[in-house]
Amino acid sequence: SQQGEEDPQALSIQEGENATMNCSYKTSINNLQWYRQNSGRGLVHLILIRSNEREKHSGRLRVTLDTSKKSSSLLITASRAADTASYFCATPPMDSSYKLIFGSGTRLLVRP
Amino acid sequence: DGGITQSPKYLFRKEGQNVTLSCEQNLNHDAMYWYRQDPGQGLRLIYYSQIVNDFQKGDIAEGYSVSREKKESFPLTVTSAQKNPTAFYLCASSMVGGAYEQYFGPGTRLTVT
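Read top to bottom, the protein sequences are chains X and L. Take 1 as the starting number for the first sequence in our numbering and just add one per residue. Take 1 as the starting number for the second sequence in our numbering and just add one per residue.
Treat the hints as calculated values from the structure; they're not laboratory data. All C-beta atoms in this analysis are idealised placements derived from N, C-alpha and C, irrespective of residue type, glycine included. Worth double-checking, as some hints may not be accurate.
[Claimed, not checked] Reference excerpt, derived from the structure (chain X facing chain L, CB under 8 Å, subset only):
#1 Asn30
#2 Gly42
#3 His45
#4 Arg50
#5 Lys99
#6 Gly103
#7 Gly105
Can you make the complete structure from the sequences, with help from the hints?
Pasting the structure below:
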């Protein structure tokens, strides 16, 4: 059962540019999380935004959440080649706050 | 040095053989999870456990089995009943009772021929 869907599926930008990825989900949520995965590795948690929050920052990351549109966006500012990775949004179903359902991800390529 | 480990990193098996993937964590987390990832895809939940000696099926449990005899360990067995077992398997752990992030191991790439 797919809850979150990322858009675009792939994104290629030049180093120094900003990268924006979007996530749409289907049902009501308590929180939404973003993860990063480098090729062939495990996922790393980036940021968690709760349903009563509209925006959250962490370093060069900015996440927004619009519960009325059931969507979230992840902005990476001043991108670096090391940001090249796949980015996933994940949401817990309402009946389980700790189980997560992951989207299919956005593959980001940052060209040096 | 806290973390979650998976072994081995690469695993090769012949069709028809069962294989067990290891997952160990020393984060003192109650919940543990197994996911499957196919090329270019997201993660799909196989099994999860929120307490020792208890586990639940995820979305794609058929052909897999797990055990949770210790808090630190959550091994996954890929049985011969799994029709398409070649994939990247990821183990994760988290606290329970709230909105907590999951911590992932480095993954095991299983190839069955």
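Outcome of the hint check:
1. Asn30: Cβ of asparagine 30(X) sits 6 Å from chain L, so the hint holds.
2. Gly42: holds, 4 Å
3. His45: holds, 4 Å
4. Arg50: holds, 7 Å
5. Lys99: holds, 6 Å
6. Gly103: Because about 5 Å separates glycine 103(X) from the closest Cβ in chain L, which is inside the 8 Å limit, the hint holds.
7. Gly105: holds, 5 Å
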